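Okay, here's what each chain looks like letter by letter:
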Amino acid sequence: MINRYLEKTWVQYLCLAAVTALLVYYFGWVFDFGYKFDWTVLFKKDPSYDMVLGDMLVTGLGLTISITLMSSAIALGLGILFGLGRLSQFKPVYYFSTCYVEFFRNTPLLVQLFFWYFALPMALPESVRSFLFDRNFEMISATVGLGIYTSSFMAEVIRAGIQSIPKGLLEASYSSGLTAFQTLTKIVLPLAFRAIIPPLGSEFLNNMKNSSLAMVVGVAELCWSSQQIESLTFKGFEATTAATVIYLSLSLTIAGILTLVNWKLQIVPVKNRKFGHKFAHMLFCPIEAPFVYISKMHRRFMRKRKENFNLTRAQAARKALTAKVMKVLSYVWKTAFVGSIGFLLIMALYGVSKFNFQVIWDNLGTMIWWKFPNGGPNEILWGLGGLSFSILMSVIAISVSFFIGLIVGIGRTSKNKLFLIPSTLYIELIRGNPLIMVIFWIYFFIPILTGQFMNVFWSATIALTVFTGAYLAEIVRSGIQNLPPGQFEAAVSTGLTYWQTMRKIILPQALKQMLPAIVGQFISIFKDTSLAFVIGVLELTFVAQGLNNRLMIYPFEIYTTIAFLYFICCYLMSLVARRLERKLSTDTFRLQM
Amino acid sequence: MKRILTLALAAALVMAFAATSFAGATYDKIMKDKVVRIGIMTDSIPGAFYNAKKEWVGFDVDIATEIAKRLGVKLDKVPVNNKTRIGFLQQGRIDMSVSNMTHKRSRDNSIDFSITYFFDGQKMLAPKGKFSSLKDFVGKKIAVMQGTTSELNVKKLLKDLGDAAPKVISYQKESECFQALQMGRVDAWSTDSTILLGYAAQVPGKYELVGEFFSNEPYGIGLPENDSKLRDAVNFALQDMWKDGTYANIYNKWYGPETKYYFPLTEKIEMWP
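Here the protein sequences line up with chains A and B, keeping their order. The C-terminal residue of the first sequence carries number 593 in my numbering, and the numbering is unbroken. The C-terminal residue of the second sequence carries number 866 in my numbering, and the numbering is unbroken.
Hints are computed from structural coordinates only; laboratory data are not their basis. Predicted model only: the values in this text are computed from it and were never measured. Heads up, some of the hints might be wrong.
[What the hints assert, rightly or not] Calculated Cβ distances over 10 Å to all of chain B for the following chain A residues:
(1) L87
(2) F90
(3) W382
(4) V534
(5) R579
[To be verified] Simulated crosslink set (DSS-like; lysine-lysine; CA at most 25 Å straight-line):
(6) K749/B with K45/A
(7) K760/B with K45/A
(8) K646/B with K622/B
(9) K45/A with K697/B
(10) K622/B with K36/A
(11) K36/A with K697/B
(12) K45/A with K748/B
(13) K799/B with K861/B
(14) K44/A with K752/B
(15) K748/B with K44/A
(16) K354/A with K799/B
(17) K697/B with K44/A
(18) K697/B with K646/B
(19) K371/A with K697/B
(20) K36/A with K822/B
(21) K766/B with K371/A
(22) K853/B with K647/B
(23) K822/B with K622/B
(24) K749/B with K766/B
(25) K44/A with K749/B
(26) K647/B with K625/B
(27) K667/B with K45/A
(28) K371/A with K647/B
(29) K371/A with K734/B
Built from N, CA and C at the ideal position, the CB exists for glycine as well.
Next up, chain A with everything else stripped away, as it sits in the complex (with noise of 0.2 Å):
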């Protein structure tokens, strides 16, 4: 009775209105915060500071904007010459971009930000640094560094893109006297592109969100002007939903955008194109057209060099030399290339060899298993701390968030809007917020929700929990669409309900291509541990923060040695993806009778 009115829809909004409307009213009304709201501080002029806190949250807009532009094109650039390098023939190419984009890849961006904003200038010549400085130092490192984690990631997606290209369309490319060029820019690229969009949306979202991490350089983007206004004022509530608001709309925009770009190439007949079809090419028009005039240009350029079959002398004179010159810039280019590898590598080496390695040696146990030497009623956990603690927080995120990130994934493609609705709004929420934010939030939200005073170790491990919950669901939500409609129809048709369907034919075989990504994700959650440093975690930054502020001048053997811890931790889950990914893969899945 009750499920045959569920199944309308108007009953389920009704639901979902009332829900909604009680919870307003409960914490609108009833609820008692133990906190006073105070949203005068956003936009009425302080009186201890004469100024108006709020323009603090414009400018740092402004600059989150701009630095997410600016290294979002930087990421883009590297990315794809690293994408492609990591496919070259040519080995010390393929070498070196697969360790740039694993290094890269596997260490936190905010040990990252910090090697490049407070290391890296002293390995630097005089000159070089005073001109750095000059700038503006603090943008260029941000940017650049942040540019250059995310071109790690998307690098990997443009190599994933172009290997998935049928090796058939190749075959027929040569075959038809296109060169490599010709096969990369006409054929590879574009249908690659195509392919990728989505991923490499995903990770320019990403790449606008981690800009929140600027602020560990200085630079007074948002998160660090909601930071500002509530170490000013103490009304940390305030700020953090601001800055939340604008973070969202952000999310929200970039996400907008690559909805009309992933219209825009849809291959979709004229007469079939839909509003937003139309829209989208008539608001990429103004780019698009420079682009085709200058192809017909070039096509019509290149059309009078075309060469006869029969050449004449000077022709063929010509042309061998014009591949003898090919040959050997072709071998200038890879001797320079190898040769500036080796010199990177020795001046590495001799940077290393200066590090006073007592200094590790006699703090590693430190950084590993933090330990106090006699217990108090505040230690958590045998009073660990360091890398083992980070480790711990990303166990039980993920192993908690598994479950969240299943049943919100199954609600995600519900057809029920009671399902439906909550599930989306849960991801969209959380995936439209900077991590650093999320744990803000957490450390706000549950001691007023429970009156329960936890640690900054649970607080921080819940935030984490949460989120990861957000992006597995994700994960199940893309495993369960990917399987064929065919499977659930025909389970349905044998008598099995929804339940008894989900449960024994689409979650195993769903699970089991959603693996690698899920692995992806521990990794991804291990290196995001060290944002718990912001409300005093003691997990390895902060044990390495707090290192540094003890010992004082030895900055690049502490940094150096975190950076290689989490290095090691995260390459082997990587290794272990690897694996999984091959030992699942269904191309090599043999039938056994």
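Knowing the structure of chain A, use the given hints to seat chain B on it.
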């Protein structure tokens, strides 16, 4: 569906009960439990930090211990930083916060403060021999810490001295400010002078404090809003400490002439007859 509704109802009830647990005077709770929870920093040298043996020591730690002793209750030290100290206090995770907090009117809207228990002022730390007075810093780059009042003070100072657009860069940690100074990214680092002394002491002879104090930084103990019993108890404890010499002992232990962080005590705390 019924089950979900029941669950939601139960959750709402739990929340309603939880909300009521916030009420109640902090002082009475401390006296009933015989435990006072005090928030202390972990990375401010020599205020409060983990030393090489991972013991929690410093001036603030000793002050907190003494206050707990005078209240006649056990001390529960809770680690905080400049992001968590206020939230913890407002939510009741800690009963007071002894963590380098400058008393500002604007901040008094959110929490209460005790009388000033430590007098500090802001100075500039710069490479030795490069600058002689505050005027020399016009047009130079200055490092400060985010979430502190020093940033605004520096901007104001430079503006008053005729710098139209002060170049102030703010970092998250003290050590980062010092690193920026060491690598030449900034010309000076400005914050409360005791912190500067602590860092300058690590590389003797290279850096010096320049010029006069240009701000007043009265440190107060952060207390929950509207609990006058607790505020009185803390204020009396501080004044008693001052009267019987305990304060001087603690002060000399961390900032006395024999320490690395020598900082002469020039003011007196507020004494009520």
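Of the hints given before, which are not true for this structure? The structure conflicts with hints 4, 8, 13, 18, 19, 26, 27 and 29, although it agrees with all the remaining ones.
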